[in-house]
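Okay, here's what each chain looks like letter by letter:
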Amino acid sequence: MSQLQMEEPVLPPRIELPALEKNLLEVRALKNYFLTSMVWVLAVLASIPLFSVIYMLIVQGGARLDVEAITALPPAGFEMGGGFGNAIVGTLTMVGIASAISIPIGIMAALHLSILNPSSKIATVSRFLAKVLTGFPSILAGVFVYAVIVITTGTYSAWAGGVALAVLMLPTVTLAAEEAMKQVPQKMKDAAFGMGCTRTQVILKVVLPTALPGILTGVILAVAGAAGESAPLLFTALFSNYYMGELAEPTASLSILIYNFSGMPFENQLELAWAASLVLVLLVLFFNILARVVGRSKFKE
Amino acid sequence: MVYNPFKEASSDKTLSAPPSATDYLKDTVFRSFAYFCALSIVLLVAYIVFELGSQALPAIKTHGLGFITGTTWDTNEGVFGVLPEIWGTLYSSFLALLLGGFLGVAIAIFLTQGFVHAKFEMIFRTVIELLAAIPSVVYGLWGIYVLIPLIRPGAQWLHDTLGWFPLFGTDLSGPGLAPAALVLAIMILPTVAAISADAFRRIPYKVKEAAYGMGATKWEVILKVMLPTASSGILAGLVLGFGRALGETMALAMLIGNVNNISVSLFAPANTLASLLASTFPEAGQIEIQALMYAALVLLLITFIVNVAGLAVQQYTMRKFEGKK
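Quick mapping for you: the protein sequence lines, in order, are chains A and B. The opening residue of the first sequence carries number 1 in full-length UniProt numbering; numbering runs sequentially from there. The opening residue of the second sequence carries number 1 in full-length UniProt numbering; numbering runs sequentially from there.
Among the hints, erroneous ones may be present.
Unchecked claim - Only pairs whose alpha carbons sit at most 35 Å apart, straight line, appear in this in silico DSBU-like list of lysine-lysine: (1) K119(B) x K182(A); (2) K26(B) x K131(A); (3) K119(B) x K187(A); (4) K182(A) x K26(B); (5) K206(B) x K182(A); (6) K224(B) x K31(A); (7) K187(A) x K218(B); (8) K218(B) x K189(A); (9) K205(A) x K189(A); (10) K187(A) x K206(B); (11) K189(A) x K224(B); (12) K208(B) x K31(A); (13) K119(B) x K218(B); (14) K26(B) x K31(A); (15) K26(B) x K121(A); (16) K121(A) x K208(B); (17) K31(A) x K218(B); (18) K131(A) x K119(B); (19) K320(B) x K224(B); (20) K320(B) x K31(A); (21) K182(A) x K208(B); (22) K187(A) x K320(B); (23) K131(A) x K320(B); (24) K131(A) x K208(B); (25) K224(B) x K131(A); (26) K189(A) x K61(B); (27) K61(B) x K31(A); (28) K121(A) x K131(A); (29) K320(B) x K182(A); (30) K205(A) x K187(A); (31) K218(B) x K320(B); (32) K205(A) x K26(B); (33) K121(A) x K218(B); (34) K61(B) x K206(B).
As the list claims (entries may be wrong) - Examples of chain B residues lying across from chain A (beta carbon under 8 Å, computed): (35) I109; (36) T112; (37) F115; (38) F120; (39) L131; (40) V137.
Hints were generated in silico from the structure; no laboratory data involved. Yeah, the Cβ is synthetic: ideal placement off N, Cα and C, and Gly gets one too.
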């Protein structure tokens, strides 16, 4: 006991420890602060265009948006007033045609890619080509449909416009639906098979209902994209100053109206172009928000 | 009445039975339909290439490769060349990639590296996604009446003071490369940001923890660990964004000036393949349409190569991370 008391306590050698708190004068910390503020500035900078576009749409487009604007026919030259009712009808019709063609084909193709035969050669190739097609310049869809439909039938038409939009929607729908169907747990499919379902029954009664929110999200986003497209309609649907009488004649659309009016030297047309842009953006945003709402319900269940 | 399941158990409706012959038939029909739908994508791409090729064939025969190196587009003389358009397409997309790519990667870092509260992060991500949702033609309109007037004084000043520098060699008289490239940058930013953010999210959390554990600051972790690890994913985003920019049509047709001109000046008007198609096609005659089909084929080829390259890099990234897990 006394021996222990006699011994000198052994202390660890003293080392100069660096300060653990952040020191603003140190280069590393300074650099850190600088870069953090940089990235904040860049983030704000990147969102300015969106707010500027929305501001302009509300101020310029909102001023002109009334019942006349969304029902009347486009004005000619120096005419006052007028609107773009026929363009709204035309856009909705052509997006409808495009959806009717591309959604069934896209979902069926996705079934093949995700469930029926995911690793076959045809699935690999068409999955890859669908991805390539999503980056396909939209104007080329217009050129293609011009060559196939407009030259053959001899007239610009809502059909041609719809088909051109369908070419653009198909890969988006397919890839989104495939992704949604892949998420369906294998156990659910196995259970259905175990009960003696055929593959068709498994798909119709288990896979499709389960994957529905995901598929709908993809489909609605594709519809939103198609509604805003203009390049493929330029020389497939062309434009018309009248309400659509039949599907086999040139048809007006909001985006082409904006394109045509934006270059005109008349104040009235320019105001209408802004109002039409507001309607078009509202349409697209409506679909986008719808897609988000539908997609979110998937996670709540 | 209380529902009694056993009461119905004996009825033949609830007895299990193997699929009937009709069930098998339905199954076969349904599955072959799905097969043909999957096949239809392949056939569609083949048909597009075939159709554009056969429409362009007369022009290919007449103009040959001189079409790609020619610099005049004269309908009356029947002389067609798309070198200025190819230059304009690549140059405007490259400028857009410099700006949009930089911003896109910065935003991916901002969103994934814990700079903001999760709720704000969601709002901000929505803002960036909506940036992609705005139609091209609306950006065109905005560009003409907001962006061009906004950047003109700056462009004027740059030209006056630094006019000797080739980039500022001409005056911005209205439409031109600079506004076109700016709008293009805004349009590809969401693509780059989304794919890069995905690449950052794929990095296992351990990697970051380890770097912090060694005493690195936040930005040392980001710049020296996260960025190099995510680099192939970011590259894929940049290449795919570049592909998007190459094919973008309406905003460019409205903003770039549609002038057959090869110039390095940021303020000179120019033209791109897509906007050449958009502005010339509706009024073109037979011969010119064949030449335009040839131009479309050139555009198809360029975007196809860029997109395939981008997808290949993306595929490589995914495999790399899934393999290591």
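Each hint, compared with the structure:
1. Between K119(B) and K182(A) the alpha-carbon distance is near 28 Å, which keeps this suggested pair within the 35 Å criterion.
2. Annotation: proposed proximity of K26(B) to K131(A) holds, straight-line Cα distance about 31 Å (limit 35 Å).
3. The suggested pairing of K119(B) with K187(A) holds, with an alpha-carbon distance near 34 Å, which does not exceed 35 Å.
4. Taking the CA atoms of K182(A) and K26(B), the gap is about 23 Å. The hint holds against a cut of 35 Å.
5. Note on K206(B) and K182(A): the hinted pairing holds, with a Cα-Cα distance of about 28 Å set against a maximum of 35 Å.
6. As the CA atoms of K224(B) and K31(A) are separated by approximately 13 Å, the hinted pair is consistent with the 35 Å bound.
7. Only pairs whose Cα atoms come within 35 Å are accepted, and K187(A) paired with K218(B) is rejected, the gap being roughly 42 Å.
8. Taking the CA atoms of K218(B) and K189(A), the gap is near 45 Å; set against the 35 Å cutoff, the hint is violated.
9. At most 35 Å may separate the alpha-carbon atoms for a hinted pair to count; K205(A) and K189(A) meet this at roughly 10 Å.
10. Restraint check for K187(A) and K206(B): satisfied, since their Cα atoms lie roughly 31 Å apart, inside the 35 Å limit.
11. In summary, the hint linking K189(A) to K224(B) is not supported, as the alpha carbons are separated by about 45 Å, beyond the 35 Å threshold.
12. Between K208(B) and K31(A) the CA atoms are separated by roughly 19 Å; this keeps the pair inside 35 Å, and the hint holds.
13. For the hint pairing K119(B) with K218(B), the CA-to-CA distance comes to about 21 Å; that is within 35 Å, so the pair holds.
14. Distance check on the hinted pair: K26(B) and K31(A) sit about 67 Å apart at the alpha-carbon level, beyond 35 Å; violated.
15. Distance restraint check for K26(B) and K121(A): the Cα-Cα separation of roughly 24 Å lies within the 35 Å cut-off, and the hinted pair is therefore satisfied.
16. Simply put, K121(A) and K208(B) have alpha-carbon atoms about 39 Å apart, too far for the 35 Å limit, and the pair is violated.
17. For the hint linking K31(A) to K218(B), the alpha-carbon distance of about 10 Å falls within 35 Å, and the restraint holds.
18. At most 35 Å may separate the alpha-carbon atoms for a hinted pair to count; K131(A) and K119(B) meet this at roughly 31 Å.
19. Distance hint between K320(B) and K224(B) is fulfilled; the C-alpha atoms sit about 19 Å from each other, no more than 35 Å.
20. This hinted pair checks out: K320(B) and K31(A) have alpha carbons roughly 32 Å apart, not beyond 35 Å.
21. For the proposed pair K182(A) and K208(B), the alpha carbon gap of about 30 Å is at most 35 Å, so the pair holds.
22. Restraint check for K187(A) and K320(B): the C-alpha separation of about 28 Å stays at or below 35 Å, so the hint holds.
23. Simply put, K131(A) and K320(B) have alpha-carbon atoms about 20 Å apart, close enough for the 35 Å limit, and the pair holds.
24. For the hint pairing K131(A) with K208(B), the CA-to-CA distance comes to about 32 Å; that is within 35 Å, so the pair holds.
25. Pair hint K224(B) plus K131(A) holds up; C-alpha atoms about 32 Å apart against a cutoff of 35 Å.
26. In summary, the hint linking K189(A) to K61(B) is not supported, as the alpha carbons are separated by about 56 Å, beyond the 35 Å threshold.
27. A threshold of 35 Å between alpha carbons decides the hint, and for K61(B) with K31(A) the separation of about 60 Å lies outside it, so the pair is violated.
28. For a cut-off of 35 Å, the pair hint linking K121(A) to K131(A) stands: about 16 Å separates their Cα positions.
29. Distance restraint check for K320(B) and K182(A): the Cα-Cα separation of roughly 21 Å lies within the 35 Å cut-off, and the hinted pair is therefore satisfied.
30. Under the criterion of a C-alpha separation no larger than 35 Å, the hint pairing K205(A) with K187(A) is consistent with the structure, at around 14 Å.
31. Distance check on the hinted pair: K218(B) and K320(B) sit about 25 Å apart at the alpha-carbon level, within 35 Å; holds.
32. Between K205(A) and K26(B), the direct Cα distance comes to roughly 14 Å. Compliance with the 35 Å bound is thereby established for this hinted pair.
33. Proximity of K121(A) to K218(B) is assessed by CA-CA distance (about 46 Å); at most 35 Å being required, the pair is judged violated.
34. Annotation: proposed proximity of K61(B) to K206(B) is violated, straight-line Cα distance about 60 Å (limit 35 Å).
35. The beta carbon of I109(B) comes within 6 Å of a beta carbon in chain A, closer than 8 Å, and the hint placing it at the interface holds.
36. The beta carbon of T112(B) is not positioned within 8 Å of any beta carbon in chain A (closest approach about 11 Å), and the interface hint is therefore violated.
37. At a threshold of 8 Å, the smallest CB-CB gap from F115(B) to chain A is about 6 Å, leaving the interface hint in force.
38. Given the 8 Å rule on beta carbons, the hint for F120(B) is violated: about 10 Å separates it from the nearest Cβ of chain A.
39. Below 8 Å, beta-carbon pairs count as interface contacts, and L131(B) has one with chain A at about 5 Å; its hint therefore holds.
40. Taking 8 Å as the C-beta contact cut-off toward chain A, the hint placing V137(B) at the interface holds, the least distance being around 5 Å.
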